[in-house]
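A.B. asks: Residues per chain are reported as follows:
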Amino acid sequence: MILAENLTKNYGRKPVLRGISLRATAGEVTLMVGPNGAGKSTTVKLLAGLIRPNAGSARINGFDIVDQTIAAQRSLAYLPQRPSFHPRLTCLEVLRFYARLRGVPLTRCDAMLELTGLNDAARTRTQELSGGMRQRLGIAFLLLADAPVLLLDEPGLSLDPGWRKRLQETLHFESRRGKAVLVTTHLIAEWNNVADRCLLCRDGVIEQELDPSDLLHDFPEIETAVIDDNEDETRIVTAV
Amino acid sequence: MTTKMKRALSLLFDRNTARALFTREFRLALINRYFHVFSALALIGGIAAALFSEDANATGFFHLQVALYFVSLFALLAGVGSAQAEREEWQLLFTQPLPRPSYVIGKFLALALIFAGVLLLLFLPPLFAGADLSMMGLLYLQTLLLAATFLACGLAAGYFAHDRAQALIVGVSAWLLLLFGVDLVALFAARWSGIQKFPDLWVTLLMLNPLDSFRIEALFALQQIPAEAANKTPLAGWWTAHAGAWFAGIAVVWSAAMMTLASLRMNRWEE
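Residue numbers (the numbering used here), protein chains in the order written: chain C, 29 to 268; chain V, 4 to 274.
Hints are computed from structural coordinates only; laboratory data are not their basis. A virtual CB, placed ideally from N, CA and C, is assigned to each residue, including glycine. A portion of the hints provided could be inaccurate.
[Claimed, not checked] Residues from chain V that face chain C, not an exhaustive set, calculated with beta carbons under 8 Å:
#1 Ala88
#2 Glu89
#3 Pro102
#4 Glu274
[To be verified] Beta-carbon label-pair distances, calculated as ranges:
#5 C:Asp188 <-> V:Arg271: 37 to 43 Å
#6 V:Leu267 <-> C:Asn147: 38 to 44 Å
#7 C:Phe201 <-> V:Arg18: 31 to 37 Å
#8 C:Asp148 <-> V:Leu116: 30 to 36 Å
#9 V:Ala61 <-> C:Pro133: 52 to 58 Å
#10 V:Gly184 <-> C:Pro189: 56 to 62 Å
#11 V:Glu91 <-> C:Arg41: 26 to 32 Å
#12 V:Leu204 <-> C:Gly90: 54 to 60 Å
#13 C:Ala150 <-> V:Ile47: 33 to 39 Å
#14 C:Ala99 <-> V:Arg18: 16 to 22 Å
#15 C:Ile98 <-> V:Leu33: 29 to 35 Å
Model the full assembly from the supplied sequences, consistent with the hints where possible.
C.D. replies: Below, the structure is given as structure tokens:
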């Protein structure tokens, strides 16, 4: 379970998070939506222990991400927007490294490669992978440790529609296995089918919590829309 | 030792973590062109020293030059390259349940172990040609310490710099400064009457430089300089009497300082 209270983060003098509070419970997929610059990625990086908050606190599975970073990180897996791996290592070597690091049996690496359709690329260096394949390797990396908390930052941007759907199904399945899944996206329409809860983030705060099914019912125009910085999307966010 | 450092060290020597870090570094070294070139040149150098040196002292003197100019530079480049190659991966690495200092120190230890192996290519051939085992063994250990020092410098430069070019500029500049710069400063400083009154200042400058410290220790060990020649001040006398221990100490201090700086830098790193 993820619990964040009044998280604030400044980059220099610029405030990026202005007191984010959120709760993502086990067994649910929680969606965090909002336009670019809303603070979604910063929130997820903070929850993953990559950056430290200026104020506020966050707990992953009960462990404070600042004071008990290692224990908290043992409970989570994080997939960044554009996962990068050591360019000279093969897919299998990358997964084996992380498996060893987390004490996961090496046989699980093969299972993850099979799950993400990368069996044939197991011995391909990551620098030779396409964007979509790299993203699939990222998914394999995410699921490798079977962590109870999954954090995904704009996943699936490089994936084709078929793999995006499979990713959504996989995350839905993992949440039903008792994991807490937090996904940031600005593609509401694509993700609302798998989401149990939807948090609208803007200007560094959680503006409101939405019911994913009501969202499309009340605002059908969102179905084809992407929340972003252009005029239409600003209108949608304002409407919500 | 702080609680955090103790935890970092206990995690570093956790079996899974150590195996993960060492396996990764060994695999990367096997496909790293720096290490290919370094290994090939070390072997060629070792064989050339064995075939063409006139006596054991000449072999040792040759190895001293190789260590000073070749091993130190390669160790520095290996450190820079290793730190920078995975820069893009930090966002994944640092979400793993492993303290960042453990990762930095683990990488350093793994690379130092790889250097220990590759340096055998340089030091073993002369033994087959009859070079003195104790002399070559001592020089091997000193060269390994020198390599570890510059490996740590390279890693620190790699972790501090924003990109590979900047890291190389900083690293190579530091190497040139230690190789020639400190000596030049000492040379110019020695011309000032104020400094001449305190020759130990000049000696201290050389003592703190790992390359000068190595050079002095190796030259005395190889009996290229009679010990009494440098026995002009109490400090110089002490240094020449304890040159081996001093070099080992200064190499460890430099390596530890560089690794501490690198660890602090990575602890503060935010994407």
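A.B. asks: Now look at each hint and say whether the structure bears it out.
C.D. replies: Quick rundown of the hints versus the structure:
no.: 1; hint: Ala88; verdict: holds (7 Å)
no.: 2; hint: Glu89; verdict: holds (5 Å)
no.: 3; hint: Pro102; verdict: holds (6 Å)
no.: 4; hint: Glu274; verdict: holds (6 Å)
no.: 5; hint: C:Asp188 <-> V:Arg271: 37 to 43 Å; verdict: holds (39 Å)
no.: 6; hint: V:Leu267 <-> C:Asn147: 38 to 44 Å; verdict: holds (42 Å)
no.: 7; hint: C:Phe201 <-> V:Arg18: 31 to 37 Å; verdict: holds (32 Å)
no.: 8; hint: C:Asp148 <-> V:Leu116: 30 to 36 Å; verdict: holds (34 Å)
no.: 9; hint: V:Ala61 <-> C:Pro133: 52 to 58 Å; verdict: holds (55 Å)
no.: 10; hint: V:Gly184 <-> C:Pro189: 56 to 62 Å; verdict: holds (60 Å)
no.: 11; hint: V:Glu91 <-> C:Arg41: 26 to 32 Å; verdict: holds (28 Å)
no.: 12; hint: V:Leu204 <-> C:Gly90: 54 to 60 Å; verdict: holds (58 Å)
no.: 13; hint: C:Ala150 <-> V:Ile47: 33 to 39 Å; verdict: holds (36 Å)
no.: 14; hint: C:Ala99 <-> V:Arg18: 16 to 22 Å; verdict: holds (19 Å)
no.: 15; hint: C:Ile98 <-> V:Leu33: 29 to 35 Å; verdict: holds (30 Å)
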